[in-house]
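Given next are the chains, with one letter for each unit.
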Amino acid sequence: MSERYVTRGFVGRRGTEDGGAGDLRGRTPPGQYLTSDFPVLSAGPTPRTPLDRWSFRIEGLVSGPVEWSWDEFLKLPARDWVVDISCVTKWTHLDMRWRGPSVDTLLESVDIDPKAAFAIAYADGGYTTNLPIDDVLNGQAFVAYEYDGKPLAPEHGGPARLVVPARYFWKSAKWVRGLRLQERDEPGFWESLGYHNRGDQWLEERYSGD
Amino acid sequence: MAAPIQWQLATVTGVRDETASVRSFTLSMPAWPGHRAGQHVDIRLTAEDGYSVERSYSIASAPEAAAQPGGSVEITVERIPDGEVSAFLHDVVVPGDRFEVRGPIGGYFVWEAALGGPLLLVAGGSGVVPLMAMLRHRAAAGSGVPARLLYSSRGGDEIIYRPELDELAADGSGLGVVHTLTRSQPPGWTGYARRIDEAMLSEVLRPLGASARVFICGPTALVENAANALVRLGLPAAQVRTERFGPTGT
Numbered sequence: 035m036s037e038r039y040v041t042r043g044f045v046g047r048r049g050t051e052d053g054g055a056g057d058l059r060g061r062t063p064p065g066q067y068l069t070s071d072f073p074v075l076s077a078g079p080t081p082r083t084p085l086d087r088w089s090f091r092i093e094g095l096v097s098g099p100v101e102w103s104w105d106e107f108l109k110l111p112a113r114d115w116v117v118d119i120s121c122v123t124k125w126t127h128l129d130m131r132w133r134g135p136s137v138d139t140l141l142e143s144v145d146i147d148p149k150a151a152f153a154i155a156y157a158d159g160g161y162t163t164n165l166p167i168d169d170v171l172n173g174q175a176f177v178a179y180e181y182d183g184k185p186l187a188p189e190h191g192g193p194a195r196l197v198v199p200a201r202y203f204w205k206s207a208k209w210v211r212g213l214r215l216q217e218r219d220e221p222g223f224w225e226s227l228g229y230h231n232r233g234d235q236w237l238e239e240r241y242s243g244d
Numbered sequence: 022m023a024a025p026i027q028w029q030l031a032t033v034t035g036v037r038d039e040t041a042s043v044r045s046f047t048l049s050m051p052a053w054p055g056h057r058a059g060q061h062v063d064i065r066l067t068a069e070d071g072y073s074v075e076r077s078y079s080i081a082s083a084p085e086a087a088a089q090p091g092g093s094v095e096i097t098v099e100r101i102p103d104g105e106v107s108a109f110l111h112d113v114v115v116p117g118d119r120f121e122v123r124g125p126i127g128g129y130f131v132w133e134a135a136l137g138g139p140l141l142l143v144a145g146g147s148g149v150v151p152l153m154a155m156l157r158h159r160a161a162a163g164s165g166v167p168a169r170l171l172y173s174s175r176g177g178d179e180i181i182y183r184p185e186l187d188e189l190a191a192d193g194s195g196l197g198v199v200h201t202l203t204r205s206q207p208p209g210w211t212g213y214a215r216r217i218d219e220a221m222l223s224e225v226l227r228p229l230g231a232s233a234r235v236f237i238c239g240p241t242a243l244v245e246n247a248a249n250a251l252v253r254l255g256l257p258a259a260q261v262r263t264e265r266f267g268p269t270g271t
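The listed protein sequences correspond, in order, to chains A and B. All residue numbers for the first sequence refer to the working numbering, where the first residue is 35 and numbers rise by one. All residue numbers for the second sequence refer to the working numbering, where the first residue is 22 and numbers rise by one.
It should be emphasised that the hints constitute simulated quantities derived from the structure, not laboratory data. Among the hints, a few may not be true.
Unchecked claim - In silico contact screen, one side only, chain B against chain A (beta carbon under 10 Å); selected entries:
hint, residue
1, Tyr72
2, Arg123
3, Pro125
4, Phe130
5, Leu256
6, Gln260
Glycine included, every Cβ here is placed at the ideal spot set by N, Cα and C.
Whenever a hint applies, use it, and build me the whole structure from the sequences.
This is how it looks when you write it as structure tokens:
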């Protein structure tokens with residue numbers, strides 16, 4: 035149905051959340067609503083890997099895989115990020131403040147094979163998600179270990195999660211442990227269960243076929 | 022690429038109060054493709070000037086109940102104070118109203134009788150809705166898979182689907198329903214009267230054993246605590262599937 039059906043009696047609450055600032059609606063992707071909460075969504079129990087057994091790897095089509103321990107990871111150049119996050123379950127939270135190294139910083143430690151076109155993020159608990167490498171370079175993605183000035187809580191993906199603000203939040207893999215670079219695309223967990231392969235919230239790419 | 026999940030114009034054909042703040046809506050669909058128990062739908066409401074909002078709601082009805090011409094699904098919605106969509110559904114919508122719906126959505130928090138069991142369902146508040154779809158499916162499919170529902174409500178009058186749960190638990194198919202009432206208990210209440218914890222889960226799980234498939238749905242703290250406790254009790258994490266109702270579920 036291309037023409038939207040007007041719902042009898044529906045007015046909505048538009049504008050009430052922006053306090054007159056006016057620009058917040060423009061920062062809210064289609065079909066999303068603004069929240070100041072940080073809802074938790076995950077498909078199973080929260081994994082708990084002790085920090086002394088934690089590591090982060092870059093592997094696949096690279097000149098030699100690199101792996102950092104937790105202490106080494108914290109010594110990588112990091113910065114603060116203030117980004118808007120949209121979850122496919124419809125909430126958008128503006129100006130979320132994170133800290134961690136960019137994916138660019140992580141990839142500086144390896145030579146990438148020119149054939150590499152996709153990054154598969156993999157996480158404790160077996161979760162995976164796929165991204166074109168072009169979507170995670172040039173400051174478009176980072177690995178966060180702090181949220182709002184505090185260590186990232188386990189239920190939010192701590193000790194560290196990938197954050198890709200320009201995609202629905204399932205692409206921001208919680209409990210991330212590495213990136214595997216490969217030539218071939220490979221749908222991850224939700225991408226194999228009916229969710230969109232790319233997940234651009236401004237194009238409302240929620241589900242497969244959108 | 023898969024075919025898009027199309028928006029359809031659903032007609033409300035039934036409205037039923039479940040509790041003082043929870044109401045079920047039967048949505049008659051022009052072309053419902055069928056669903057699996059545990060999946061949800063998206064709803065889109067549009068105002069005269071084009072302003073529109075979307076929300077997701079779990080399907081409460083069994084797949085078997087959708088098999089009318091075109092198909093229908095039932096959703097059960099808790100009225101959230103100031104909820105832009107839930108308050109509209111409660112305060113305005115009457116049978117005959119129409120709005121856009123698409124689905125089914127979600128392929129992980131799903132149970133089918135063919136998957137077998139035993140089955141442990143853990144619910145908090147309106148988190149019972151997708152689990153009710155599983156129990157209705159279990160009954161409609163004639164499944165005798167051993168199953169238990171551990172259901173946390175604040176008080177006895179906030180238990181959603183209570184009469185139907187009582188019937189299902191008494192039908193001899195091997196379903197047990199265990200309530201816990203966390204804030205207020207009726208006189209003579211002998212059941213659990215505290216939040217779900219590891220000891221409670223251990224007792225409820227015992228007759229099912231460690232091979233139980235688990236589905237947990239409710240507020241974040243309940244889901245987090247229950248899932249962690251079940252892993253500590255020895256269930257493999259892969260057997261525990263979760264769905265969460267955050268505080269923003271308006």
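Quick rundown of the hints versus the structure:
| no. | hint | in the structure |
| --- | --- | --- |
| 1 | Tyr72 | holds (5 Å) |
| 2 | Arg123 | holds (8 Å) |
| 3 | Pro125 | holds (9 Å) |
| 4 | Phe130 | holds (7 Å) |
| 5 | Leu256 | holds (9 Å) |
| 6 | Gln260 | holds (9 Å) |
This entry satisfies every hint, going by the numbered hints stated previously.
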